[in-house]
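Q: For this one, chain A is given, so just place chains B, C, D, E and F on it according to the hints.
Residue numbers (this note's numbering), protein chains in the order written: chain A, 26 to 360; chain B, 26 to 360; chain C, 26 to 360; chain D, 26 to 360; chain E, 26 to 360; chain F, 26 to 360.
Quick caveat, the hints were computed from the structure, so don't treat them as lab data. The structure presented is a predicted model; accordingly, all values stated were derived computationally and were not measured. Each hint should be verified, as a subset may be incorrect.
Which copy is meant is left open, so a pair is good if it fits within one copy or across any two.
[Unchecked claim] In silico lysine-lysine, DSSO-like type, Cα no more than 27 Å apart, as pairs: (1) K202 with K359; (2) K154 with K250; (3) K248 with K186; (4) K88 with K227; (5) K359 with K46; (6) K248 with K359; (7) K359 with K88.
There are 6 protein chains.
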Amino acid sequence: MPEVISFGEIMMRLSPPGKKKLDQTDQLEILFSGAEANVSAALAAWGVHAAHVTRFPDNPLGKAAIGAWKRLNVDMSFTSYSEDRLGLYFVENGAMNRSTNITYDRLPSSFSTIGKGSFDWDAILDGAKWFHWTGITPALSQGAADCLLEALQVAQKKNIKVSADINYRSNLWRYGKDPGEIMAPLVALSQVIVAAETDTAKIFGINADVNDQGFMEITNKMKEKFPSIECMISSRRESPSSSRNNLSGIASDGHAVLRTRTYEMDNIVERIGSGDAFIAGYIYGCLQQWEQYKTLEYATASAVMKHSVEGDVNRASSQEIIDLMNGDMGGWIKR
Amino acid sequence: MPEVISFGEIMMRLSPPGKKKLDQTDQLEILFSGAEANVSAALAAWGVHAAHVTRFPDNPLGKAAIGAWKRLNVDMSFTSYSEDRLGLYFVENGAMNRSTNITYDRLPSSFSTIGKGSFDWDAILDGAKWFHWTGITPALSQGAADCLLEALQVAQKKNIKVSADINYRSNLWRYGKDPGEIMAPLVALSQVIVAAETDTAKIFGINADVNDQGFMEITNKMKEKFPSIECMISSRRESPSSSRNNLSGIASDGHAVLRTRTYEMDNIVERIGSGDAFIAGYIYGCLQQWEQYKTLEYATASAVMKHSVEGDVNRASSQEIIDLMNGDMGGWIKR
Amino acid sequence: MPEVISFGEIMMRLSPPGKKKLDQTDQLEILFSGAEANVSAALAAWGVHAAHVTRFPDNPLGKAAIGAWKRLNVDMSFTSYSEDRLGLYFVENGAMNRSTNITYDRLPSSFSTIGKGSFDWDAILDGAKWFHWTGITPALSQGAADCLLEALQVAQKKNIKVSADINYRSNLWRYGKDPGEIMAPLVALSQVIVAAETDTAKIFGINADVNDQGFMEITNKMKEKFPSIECMISSRRESPSSSRNNLSGIASDGHAVLRTRTYEMDNIVERIGSGDAFIAGYIYGCLQQWEQYKTLEYATASAVMKHSVEGDVNRASSQEIIDLMNGDMGGWIKR
Amino acid sequence: MPEVISFGEIMMRLSPPGKKKLDQTDQLEILFSGAEANVSAALAAWGVHAAHVTRFPDNPLGKAAIGAWKRLNVDMSFTSYSEDRLGLYFVENGAMNRSTNITYDRLPSSFSTIGKGSFDWDAILDGAKWFHWTGITPALSQGAADCLLEALQVAQKKNIKVSADINYRSNLWRYGKDPGEIMAPLVALSQVIVAAETDTAKIFGINADVNDQGFMEITNKMKEKFPSIECMISSRRESPSSSRNNLSGIASDGHAVLRTRTYEMDNIVERIGSGDAFIAGYIYGCLQQWEQYKTLEYATASAVMKHSVEGDVNRASSQEIIDLMNGDMGGWIKR
Amino acid sequence: MPEVISFGEIMMRLSPPGKKKLDQTDQLEILFSGAEANVSAALAAWGVHAAHVTRFPDNPLGKAAIGAWKRLNVDMSFTSYSEDRLGLYFVENGAMNRSTNITYDRLPSSFSTIGKGSFDWDAILDGAKWFHWTGITPALSQGAADCLLEALQVAQKKNIKVSADINYRSNLWRYGKDPGEIMAPLVALSQVIVAAETDTAKIFGINADVNDQGFMEITNKMKEKFPSIECMISSRRESPSSSRNNLSGIASDGHAVLRTRTYEMDNIVERIGSGDAFIAGYIYGCLQQWEQYKTLEYATASAVMKHSVEGDVNRASSQEIIDLMNGDMGGWIKR
Amino acid sequence: MPEVISFGEIMMRLSPPGKKKLDQTDQLEILFSGAEANVSAALAAWGVHAAHVTRFPDNPLGKAAIGAWKRLNVDMSFTSYSEDRLGLYFVENGAMNRSTNITYDRLPSSFSTIGKGSFDWDAILDGAKWFHWTGITPALSQGAADCLLEALQVAQKKNIKVSADINYRSNLWRYGKDPGEIMAPLVALSQVIVAAETDTAKIFGINADVNDQGFMEITNKMKEKFPSIECMISSRRESPSSSRNNLSGIASDGHAVLRTRTYEMDNIVERIGSGDAFIAGYIYGCLQQWEQYKTLEYATASAVMKHSVEGDVNRASSQEIIDLMNGDMGGWIKR
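Extracted from the complex, chain A is given alone in its bound form (with noise of 0.2 Å):
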């Protein structure tokens, strides 16, 4: 019975190699990735037996989404399928002064025709002890909130702590509800959430300074309006150029704040998947039972190991991290 269960979209990556343009290229790398899948795979890559729940398409491209999911070493057991269209992305992948540029082609894919019902949620969710969601999934349908809903009623129950990644994309939301209106149920039944100021702004109109100080005050209010909320991390970056960035932590549970080590990052190999696998490495610190700082260090050097490899997911195994932790900054050949 896997600890984890992490429900969201998988869709088919298509980049250009190296640093080209889509009209440069004749071919594509892909690659299958979630928000909310890369997680399990981080955790699954740690040694966590993690599932990841989801609807494919039954044809070839969600075959081969499916292999690559289990060769990540992910539980997919839960898997369903419908005759929709898997989703897509395009990433130009930036450098320099040159942003990396994504290119959605999402809608209407066989998970966001999901509903209510469209999973057996008493039986996933047995035995499990972790269940993470992000803000995409009630963005991309009235079905898919419900299923969300659905899911974190039955957590509820059992009793499974909830981490919630509730970052607001604009280009999503098409379905013409408000998102603080569906949001706000969904963050009532969790216990960690992962936001930055400008998320809680959009979504539920709730502001404060970015520094230290205001991180705490926007947790108050997040609790004082989901008291289910437990605490609320996030990473901090600084981004110089597409290639150089600064990265560190923060948490706090309302009462006080956390910070990191800040990590100056050169040479990213691969911008994406760093909040993934930040709130992965969150996870898994909370499952070893760890003390909230070494949780929130490990969150941070899982998050910066991520721009270290290429994909979305992230492949740094726990040693590496810890690591990294340690002061290991990775200069010395490993035989």
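A: Just chains B, C, D, E and F now, with coordinates in the frame of chain A:
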């Protein structure tokens, strides 16, 4: 001013390298292609001023697509743009006794959402000699059918010759209309019809035996129903395997039947696009004012050569095609 | 619980791209493969719950190998790990009149160093219907032979059907034992034997003419020596060149001989793995409780289709195989 | 009718993948490029109707070259053909402290053998607003210099603004003439001069210190010698390594000096083509009738963005360049 | 001291991957090759100490070229360098009924500008048994012809056997001399002539029917004109398509004609270089002092095997060739 | 006769493309490399006649390996062959804070099974000026240590200078002997020792602080123990990340310490092989009879340039290295 105008959707084609299937690869080769546009590209390669009329999404994929078609020397001056997506299709190349397999991800594309008034046909068709369409366009949406009808009416007014490859695709026609009903007014404005017995049977219920006599019968029945029709042409294919096919051409004006020599094709490089190369060859012969027999032989040799080049578009030069007609089987190095 | 259990080594295969030789390339294409595991992978592709039992080194290569096999939908729950190396083989793909050439670098692999007690066969075989092994495993080491015997004894107790591809590889059997002596007790616990006349001759000194009559003779002699045997099966191959082979199937229960149609295979994509696809097809038919003739035709068509896909593992769907049995030679595009 | 006309040679560029040297590879990446054509391609990418005038060999390489430039949306209607060869250059990409290294194989190309009367300049320049040339063309052959002079005389008659990147290449000028003598009448018909102190020194013996004051001095000396000149512009580069450069822009009309901000460029993707992107940016600003300062900032930001894309041609959109001018350093993903 | 010396130009070959044409690719596969050097490389692969004499440009391309030939185990000790360029040729691989197409970009190469005195033939030929040249060298320039004559005169003095593949290339011979006049003194110093009827006809006006009788006639006429000639050999090819050829060998000493078996070659991998493999095989048989029939069969089998490997150079081992002579058609995997 | 002889194993290196890990790829880039052979290859690239002595398996891998090293211009005349396997190592390239990771698959290779008498050292060392070995060879097997001792004794007799990179690899030394015991007689026959403090500490228990003073101390202790030693050299590295290192050189003869400038290396292309490039540079300076300071600067610049080229072998020319010593940081294009 372009001599030939083609009209239809251009999609992105994605295929695994070599003979791999989609679940065996992490990269896809891409190109851009469309049944009608392929005709203009072949004509352009032979020195004809050919323009293709289509609509792309206004995003990096649309930009890549138009560049690809300009590279093929096709006049893309009449391109328009919309906010929708680019249609896609995934091709797993067959080999030996395994068929080539296509997975479409086509709707709702920026082309399929066109309608009456989307293009200024009066300006576009000004001075043209030939207009080419296929049965795919009216199969996409009512709007696409309407837009096509509009074009054909202008073509008739301007005395432009019209060819139609009426091939019937059962996986299209999803918008609830009867193919025969939609197709009738379109075919009624066309002079050269590319069709096999299965096409006329499925669309108009016009049947006959699949032999020379039957082809003449069908031509007569079609001419009776659609007096605009001057002749029907088709390629004849035997398919002992995915790598080995035999091909010849047939044509009838209702009075007689023309047959070409039969080519035994071994080591087929690419199975897709030979029908488009066939009609392109036929149009080329007509524009050159060749007699019917030479025109049909050129069309057939063009279809054969298409199987020897990668991609959907014929890249063989007219010299190479004429050499083949003259018995040069390609066995010697050309220095 | 898996229906089918296969047992054997999985190696990394490294081959130059296309038709290159090893001294012509600076990159190698890799995949992971093993004669027995290939059987489970084919069955898994057809929807059978199949598990493969093996041992990998506990290093990045072992990690890559297990991921590759999970991707193929094979149940790898019973995998164990050791400190040894992963076996390798280098393949130079043949063409025309040049043979495919394999260079092994196999010992001492983490699989070959297994022994009695390495696996908990009682748990692994619990609920299974079929167990598959080949003559490669006992040829690797005494420990591998011992471990296999142990498995077969448990299988007998549990009334699990056992198939054995007893193919004889002269470049193995390096540990100083007589193949016949080692093989006898193993074959004595098996019911379905895949073998050609050369195999029985080299291992057990059982000879006959290579024709239908001879195959029945050999079956009878084998059954006499090993009363557990129910039938013998084999594929028959003519090899006019590396790119062109003819293939049919043969089976005998000692009373009669079944022969399938003969397939002429041209433009062979991959020469390796068709024997594994053959026995996989046979097991599939048995599990479906098809009559012998249909089972043998399916096995043969599976072996044929294998030659059309890249890599050692059959990726053709059961639908594609049945289509071929029904006369669809693959010459038409499937849309 | 094109707004901008550029004139010069287009060559095939061949480079080993990544950071390999020519003796480390068995494949080369190719593209087609020329200092003047790169300017038209950048302008075309920003929506300007730009045409390039050149001559190609009438063979498959010339055919590939013209297709590549049509793909870049450049108007190639004025292309002519001859029997000569296509010029080539081989690029070994530098890294860290290793310089990018170019090996030319340029003469006798189909462009270098042009002469007076090769092009119908009166027709080509009809309705144009801007003509661009570089010091490479007159350095190739007397015929190329003559042909350029003819163009400039027509441009003057038609009141077309002329820009000239007079960069001096010591490995050219092989036909026995003094650069200064050949260049003088050409520069005397130009208004915007791109040049650094080394160029004016080597060609015309005009020297000054390399600083702001010196640049104004040189501008004045050049204006004195060539009264047609309105202003001089140049990019300023510091090069601490092959991967890291600093870049700013400078311009003078002889009365004052404009300087832009300095960009620190790290992780440079491609070292070649930034000068062409600079002058393209300058022309763009002039066509937009922006004030000088904004024009120079755009030119400089364009040169910076060029270092972030693969190939010789700027593919950054005008929006991306303007974002950079406005302080967006590219560190965030654009969705 | 090398046993065999070959003399001639080595060029860089550039070809699109697979069956693509030059306007369909953005990468080219490269290798280095020359008709005469290919002979030495084949001999070196079979264990003969073979040296090739040539001149390269003193630049990164020349450096890459010499490395490539050292890798092939050819003795390159006698290489010299000059300031010119490396000759190039572009190959578009044919398929089915489309011919392989070569575009040369050959002159003025560093080899073509050699002349009398460029090499110290006395030292180079010291101790050698065989010298090989082809009709390409004298076709390049007067200097190349002079240099070759010098070599042949030294070879005669040293009693070295000389073979000449006198193949006539109409796209060469651009320096204004009559091929027959230049070739006569060269052939007059050679003993083994590789030539088909078209070659002797075009160079020396010596004609006959293309059959066994005709070949003997031509041999006699050649021997009459050039008493040094001992025998003439040639391969006979039928070319039903670019992918399928039939090949046999023929030889005559003027008294009799030898014919080998005919090989039907299907799925040809590479069309180029089989003539060089043929003469290499012939030289090998002579060095082994095999009887004529076996020598000619080896030469023919070598030419056949050449079609199964990528690139211009034969990489088949002598064992593989002898296996083919002995009837092993390559249809079985070699482990 | 070669001036420099190196002796050691050459292995096949296999690495995923770019920054991928082994479980993310289906192709591997290969090359052949060895710590000692890398020294000869660097020297050969600079024009020194260098030979490498090793043993390969007599199979296609050994054949590929020797070809690769001939291509590098290294004299491989002394190569011998055996029936064993080729050693392998798998490299996952690090990036940012992720280390480069090597997985060895080395034993029992055809080199490791050599022994006394495997090579005719008297003939091999005839006329040589320098012999180079590393601590890897004696760490492989007793036989390899014996064979090396034999070579060193012959070198001493012939008065050949000996350099030894005594680097200690904890994952070797598996044959049950104490490193110090085996190494002592070998070091006792060497003059130039490349070692850092950790090496002398782990092998001989000789410790000191890691600073200039400490390096001199260690040199003195080593000279005391091994009077043959003339000097010790080492590179000093700071490793803030996998992509960014600082490098300088140090040398001591026991009386004084030399230090070079420190290079800040950013955007490191390849982390492996810089130690070999360092000692190659040192040997080169000695052969040129440069003074110590220049020699050490050249060695250090060579080590720096190595980080800018792909693969284990230095491909920078001596001119490029000298340019770097003279302050050319590589920031300008060389045309």
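Q: Next step is simple, just say for each hint if it's right about the structure.
A: Taking the hints in turn, this is what the structure says about them:
1. Taking the closest pair of Cα atoms, K202 and K359 come within 27 Å of each other only across two copies (24 Å); inside a single copy the shortest separation is 52 Å, beyond that limit.
2. For the identical chains of this complex, K154 and K250 are intra-copy neighbours only, at 25 Å inside a copy versus 57 Å across copies, given an alpha-carbon limit of 27 Å.
3. Only within a single protomer do K248 and K186 lie at most 27 Å apart by alpha-carbon distance; the minimum there is 16 Å, versus 61 Å between protomers.
4. In this homomeric assembly, K88 and K227 never come within 27 Å of each other (Cα to Cα): the closest approach is 37 Å inside a single copy and 32 Å across copies.
5. In this assembly of identical chains, the alpha carbons of K359 and K46 lie at most 27 Å apart only when taken from different copies (14 Å versus 34 Å within one copy).
6. For the identical chains of this complex, K248 and K359 are neighbours neither inside a copy (45 Å) nor across copies (31 Å), given an alpha-carbon limit of 27 Å.
7. Taking the shortest alpha-carbon separations for K359 and K88, only the inter-copy value of 17 Å comes in at or below 27 Å, while the best intra-copy value is 37 Å.
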